[in-house]
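In the order they appear, the protein sequences are chains A and B. Numbered continuously in the working numbering, the first sequence closes out at residue 217. Numbered continuously in the working numbering, the second sequence closes out at residue 217.
Read the hints as simulated data drawn from the structure, not as lab findings. Don't take each hint at face value.
One copy or any two copies: either way a pair holds, since identical chains are not told apart in the list.
Unchecked claim - Mimicking SDA-like on lysine to any residue, the simulated pairs with C-alpha atoms at most 20 Å apart in a straight line are:
hint: 1; residue 1: K143; residue 2: G197
hint: 2; residue 1: K50; residue 2: L22
hint: 3; residue 1: K50; residue 2: H4
hint: 4; residue 1: K143; residue 2: I121
hint: 5; residue 1: K50; residue 2: H5
hint: 6; residue 1: K143; residue 2: A163
hint: 7; residue 1: K50; residue 2: E181
hint: 8; residue 1: K143; residue 2: D167
hint: 9; residue 1: K50; residue 2: T112
hint: 10; residue 1: K143; residue 2: Q113
hint: 11; residue 1: K143; residue 2: R166
hint: 12; residue 1: K50; residue 2: A17
hint: 13; residue 1: K143; residue 2: D193
hint: 14; residue 1: K143; residue 2: P196
Protein chains: 2
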Amino acid sequence: MEQHHSDQQAILRAAGAVFDELGYDRATMYEIAVRAGIGERVVRFLFPSKEDLALAVIRAQIALVDIEPQELKLQELYDIAQFVAHQMAFDPIMRGAARIVVEQSAQHLDRTQSMHGWTTITEDLLTLAREHGELQSRVDITKSAEIFVESFVGAQTVSQAFAGRRDLCRRISTLFSNILESIATPATYERLDLSPGRGEVVTRELRIGQHGAPPAR
Amino acid sequence: MEQHHSDQQAILRAAGAVFDELGYDRATMYEIAVRAGIGERVVRFLFPSKEDLALAVIRAQIALVDIEPQELKLQELYDIAQFVAHQMAFDPIMRGAARIVVEQSAQHLDRTQSMHGWTTITEDLLTLAREHGELQSRVDITKSAEIFVESFVGAQTVSQAFAGRRDLCRRISTLFSNILESIATPATYERLDLSPGRGEVVTRELRIGQHGAPPAR
Numbered sequence: 001m002e003q004h005h006s007d008q009q010a011i012l013r014a015a016g017a018v019f020d021e022l023g024y025d026r027a028t029m030y031e032i033a034v035r036a037g038i039g040e041r042v043v044r045f046l047f048p049s050k051e052d053l054a055l056a057v058i059r060a061q062i063a064l065v066d067i068e069p070q071e072l073k074l075q076e077l078y079d080i081a082q083f084v085a086h087q088m089a090f091d092p093i094m095r096g097a098a099r100i101v102v103e104q105s106a107q108h109l110d111r112t113q114s115m116h117g118w119t120t121i122t123e124d125l126l127t128l129a130r131e132h133g134e135l136q137s138r139v140d141i142t143k144s145a146e147i148f149v150e151s152f153v154g155a156q157t158v159s160q161a162f163a164g165r166r167d168l169c170r171r172i173s174t175l176f177s178n179i180l181e182s183i184a185t186p187a188t189y190e191r192l193d194l195s196p197g198r199g200e201v202v203t204r205e206l207r208i209g210q211h212g213a214p215p216a217r
Numbered sequence: 001m002e003q004h005h006s007d008q009q010a011i012l013r014a015a016g017a018v019f020d021e022l023g024y025d026r027a028t029m030y031e032i033a034v035r036a037g038i039g040e041r042v043v044r045f046l047f048p049s050k051e052d053l054a055l056a057v058i059r060a061q062i063a064l065v066d067i068e069p070q071e072l073k074l075q076e077l078y079d080i081a082q083f084v085a086h087q088m089a090f091d092p093i094m095r096g097a098a099r100i101v102v103e104q105s106a107q108h109l110d111r112t113q114s115m116h117g118w119t120t121i122t123e124d125l126l127t128l129a130r131e132h133g134e135l136q137s138r139v140d141i142t143k144s145a146e147i148f149v150e151s152f153v154g155a156q157t158v159s160q161a162f163a164g165r166r167d168l169c170r171r172i173s174t175l176f177s178n179i180l181e182s183i184a185t186p187a188t189y190e191r192l193d194l195s196p197g198r199g200e201v202v203t204r205e206l207r208i209g210q211h212g213a214p215p216a217r
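With the rest of the complex left out, here is chain A:
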């Protein structure tokens, strides 16, 4: 069981790296097995097809988001976006999922799972934000969630093309600040920390929360 779990993680990370570098079409099960340092038969036992593996990487991306709850739900929404943006600089699962979700290559791959997942997370947080009185009354939660998801996808794609995603946190800060200003009550908006460095901050807080202390460098 323990072995299976760590094999699975190694395969998902290797698959993320290969999808990130080669895209879905050119990625092969063989290449992923080699990178994971695991026999191709074991890989195929755990993930029968490349499509299964791609969907697992997409699900793993969403599962990686596990930040500390925040008092302001709009802050939590912003922090999740910045957490993902920050992790995309180095985490192979985040990077691989980002590429296969955006690309048209695999027509039969259901890429919408990812966007549905992010939309649901966003709608849930906006609903809580409304209950806590953080939203202007005219805000349409479904439309706003759509705007957040599309904006993230757009910033990620443009940042990838211009700077290999190195300016993604700055772009998310600009874009999300603009959206949040148009939906938050002025009192809530004033209390939000919309700096581009939030992703790094919440990543650090998460590590402290999990291990009782920051990791030694």
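Assemble chain B onto chain A, guided by the hints.
For chain B alone, coordinates are given in the frame of chain A:
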């Protein structure tokens, strides 16, 4: 000269269609020549490499945008976005360019040309909008242009994944209305027509302008 021009157009349309269906990596000069009904040697004479062809498709996408000027520059900006969104439903150059710009496949292909082009067009219109008193005074033109371009790219990508771009005009309407409300003066915002059908309207106006009458069906 005349022959060259029509060959060039046929090749660009064929290249757009092949890039749209197969993406940059899997597209071949041979396939493009076959679709265009033109010998591969002629194609290679006009466009020495697949990269040249991809960049020509990207430039052609921007050149296709040639709508009638509008009194309100923010209306013109919105109309251009809707024109492109509308054309993406059927125009092979618009579709092909959209796919290769978003995809990471061709690492050596300078996809930023497209985003720079759209950013410049947007900045120019926002500058005119400012001169005409259409913008709120605190608006940062560079940031706003970035937000428009990222939002369009995001809406296009999400719409492609969910609905083969069939709901793109609706998504652009929601997204751009939200941004425009945050940058336009209230008096200007009230005068904007932000319906999803503007792309179809300006396409029709353009045809009348070019030919003196709408095309026979």
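Going through the hints against the structure:
With identical chains, the CA atoms of K143 and G197 are at most 20 Å apart between copies only, with a shortest distance of 18 Å across copies and 27 Å within one. Proximity of K50 and L22 under a CA criterion of 20 Å is satisfied in both settings, with 13 Å inside one chain copy and 19 Å between copies. When the C-alpha separation of K50 and H4 is checked against a cutoff of 20 Å, the pair qualifies only within one copy, where the shortest distance is 18 Å, while the shortest distance between copies is 44 Å. Taking the shortest Cα distances, K143 and I121 sit within 20 Å of each other inside one copy (14 Å), while across copies they are farther apart (27 Å).
In this assembly of identical chains, the alpha carbons of K50 and H5 lie at most 20 Å apart only when taken from the same copy (19 Å versus 44 Å across copies). In this assembly of identical chains, the alpha carbons of K143 and A163 lie at most 20 Å apart only when taken from different copies (17 Å versus 29 Å within one copy). In this assembly of identical chains, the alpha carbons of K50 and E181 never lie at most 20 Å apart, being 42 Å within a copy and 44 Å across copies at closest. In this assembly of identical chains, the alpha carbons of K143 and D167 lie at most 20 Å apart only when taken from different copies (14 Å versus 26 Å within one copy).
Taking the shortest alpha-carbon separations for K50 and T112, only the intra-copy value of 17 Å comes in at or below 20 Å, while the best inter-copy value is 30 Å. For a Cα distance limit of 20 Å, the shortest separation of K143 from Q113 inside one copy, 18 Å, qualifies, whereas the shortest one across copies, 31 Å, does not. In this assembly of identical chains, the alpha carbons of K143 and R166 lie at most 20 Å apart only when taken from different copies (17 Å versus 29 Å within one copy). In this assembly of identical chains, the alpha carbons of K50 and A17 lie at most 20 Å apart only when taken from the same copy (14 Å versus 27 Å across copies).
For the identical chains of this complex, K143 and D193 are inter-copy neighbours only, at 19 Å across copies versus 23 Å inside a copy, given an alpha-carbon limit of 20 Å. Within a single copy, K143 and P196 get their C-alpha atoms only as close as 24 Å, which misses the 20 Å cut-off; across copies the closest is 15 Å, which meets it.
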